[in-house]
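Keeping the supplied structure of chain A fixed, place chain B upon it in accordance with the hints.
In case you want the letters, here they are:
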Amino acid sequence: MIDFEKVKQKVGDTEITIGAVLESKGSTSNTKTGAWRSMRPIVDKEKCTGCGICWSLCPEGCIKKGDDEKFEADLDYCKGCLICVNECPQKAITAVAEEK
Amino acid sequence: MAILGLPEEEYFAPGHRACAGCGAGIAMRLITKAAGKNSILTESTGCIEVVSTPYPETAWRLPWVHGAFENPASIASGICAALKALGKEDEINVIAFGGDGSTYDIGFGYLSGAFERGHNFTYVCYDNEAYMNTGIQRSGSTPYGASTTTSPAGKESIGKEEWKKDIMHIIAAHGSPYVASASIAYVQDAFRKLKTAIETKGPTFVNLFAPCPTGWRFQGEKTVEIAKLAVETGVTPLYEIINGKHKINRPNDVSKLNPVEEYLQTQGRYRHLFKPERKDKEIEFIQNRIKENLSLLLEMAEKGF
Numbered sequence: 000m001i002d003f004e005k006v007k008q009k010v011g012d013t014e015i016t017i018g019a020v021l022e023s024k025g026s027t028s029n030t031k032t033g034a035w036r037s038m039r040p041i042v043d044k045e046k047c048t049g050c051g052i053c054w055s056l057c058p059e060g061c062i063k064k065g066d067d068e069k070f071e072a073d074l075d076y077c078k079g080c081l082i083c084v085n086e087c088p089q090k091a092i093t094a095v096a097e098e099k
Numbered sequence: 000m001a002i003l004g005l006p007e008e009e010y011f012a013p014g015h016r017a018c019a020g021c022g023a024g025i026a027m028r029l030i031t032k033a034a035g036k037n038s039i040l041t042e043s044t045g046c047i048e049v050v051s052t053p054y055p056e057t058a059w060r061l062p063w064v065h066g067a068f069e070n071p072a073s074i075a076s077g078i079c080a081a082l083k084a085l086g087k088e089d090e091i092n093v094i095a096f097g098g099d100g101s102t103y104d105i106g107f108g109y110l111s112g113a114f115e116r117g118h119n120f121t122y123v124c125y126d127n128e129a130y131m132n133t134g135i136q137r138s139g140s141t142p143y144g145a146s147t148t149t150s151p152a153g154k155e156s157i158g159k160e161e162w163k164k165d166i167m168h169i170i171a172a173h174g175s176p177y178v179a180s181a182s183i184a185y186v187q188d189a190f191r192k193l194k195t196a197i198e199t200k201g202p203t204f205v206n207l208f209a210p211c212p213t214g215w216r217f218q219g220e221k222t223v224e225i226a227k228l229a230v231e232t233g234v235t236p237l238y239e240i241i242n243g244k245h246k247i248n249r250p251n252d253v254s255k256l257n258p259v260e261e262y263l264q265t266q267g268r269y270r271h272l273f274k275p276e277r278k279d280k281e282i283e284f285i286q287n288r289i290k291e292n293l294s295l296l297l298e299m300a301e302k303g304f
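These protein sequence lines are chains A and B, in that order. Under numbering that gives the first Met the number 0, the first sequence has 68 at position 69, and the numbering climbs by one with no breaks. Under numbering that gives the first Met the number 0, the second sequence has 186 at position 187, and the numbering climbs by one with no breaks.
The shape of chain A in the complex, shown without the other chains (with noise of 0.2 Å):
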């Protein structure tokens, strides 16, 4: 294993990884891309069947399945793509517009 501390520089006032190695652990979730999205997409727990082929087709996967086996986007990173509005079989999820 990299000790990531051992391949620390610094380059002017930015400390940097030699090789621009980083640890893979995904911190691009640090990012809340959600502040991207102009629609929102809103499940109707009612219609939602808990199929899960919103999640599997959901670019971010950003889509969750909940403690009662439905399943919702993760406001925080869903870009208001609106693949699942389109893909659901239920027409359980619909789009709704992102107030300012």
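A portion of the hints provided could be inaccurate.
From the structure, some residues in chain A lie toward chain B, with a derived Cβ separation under 10 Å [unchecked claim]: (1) Lys24; (2) Gly25; (3) Thr32; (4) Cys50.
Bear in mind the hints are in silico, worked out from the structure with no lab data behind them. For each residue, glycine too, the CB sits at the ideal point set by N, CA and C.
Then chain B, alone, in the frame of chain A:
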């Protein structure tokens, strides 16, 4: 745990900077799910490299190496050699991937070399049919008639004038034991093919069709719908070449194909084929060639080739 037969674990983290509705984003989730924890990934320059690693962040939860545009297959070769030296080649999956620009064009020689040397790795091309990251330039994978910035449609041009390169058979000709075409619209089929490719010993290849809303000019919500249409119209037939023998998944009847216009009309890159007036000759040419291609594939499968 699994949903629809796919592992629930995510190795491609949210917060990556891909466009809303990115087909390649779905492709990455599928590739990493099929690869699993004991894998090393390597990737060429391209959209996914750029959007997945805005330094100092990374979307990867698996070891991932970025190389130059041409050499993911070469890096994979080196990783395979190192694993062999360590006696770990049966424990760790090596997966190289790149977009179609890297796979069909820039990295093609290196890819060919790695397949000729016969390393035990899987190469996946996420095929969005042009150089999207640099601004939609044509590649060897761009289909006939598509307008890109370097094959612009206009009075004297119908868009790209050459047919898409047949990468599947080129790779199969290297003697690869498993070559498959898959689509992000059929996730279970794609997952099975990726998994089979990874589990098959030797150099294996999957061409994973992934529409690009930005480059093809359509609304992001249509990504999967368009990928499905591409299969139903026969534009991207799903098939496998297993030890040199063809197996066609779908579509499997030329007479039942949806007309290709249904697919072409959904995308801005083909708009000039319909407006200001319909270009019957070009559409017919595309339609006929699609039918010929599928007929040939079905015939090869039937005759045991």
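### Task
Could you work out which earlier hints the structure fails to respect and list their numbers in ascending sequence?
The structure conflicts with no hint, since it agrees with every one listed earlier.
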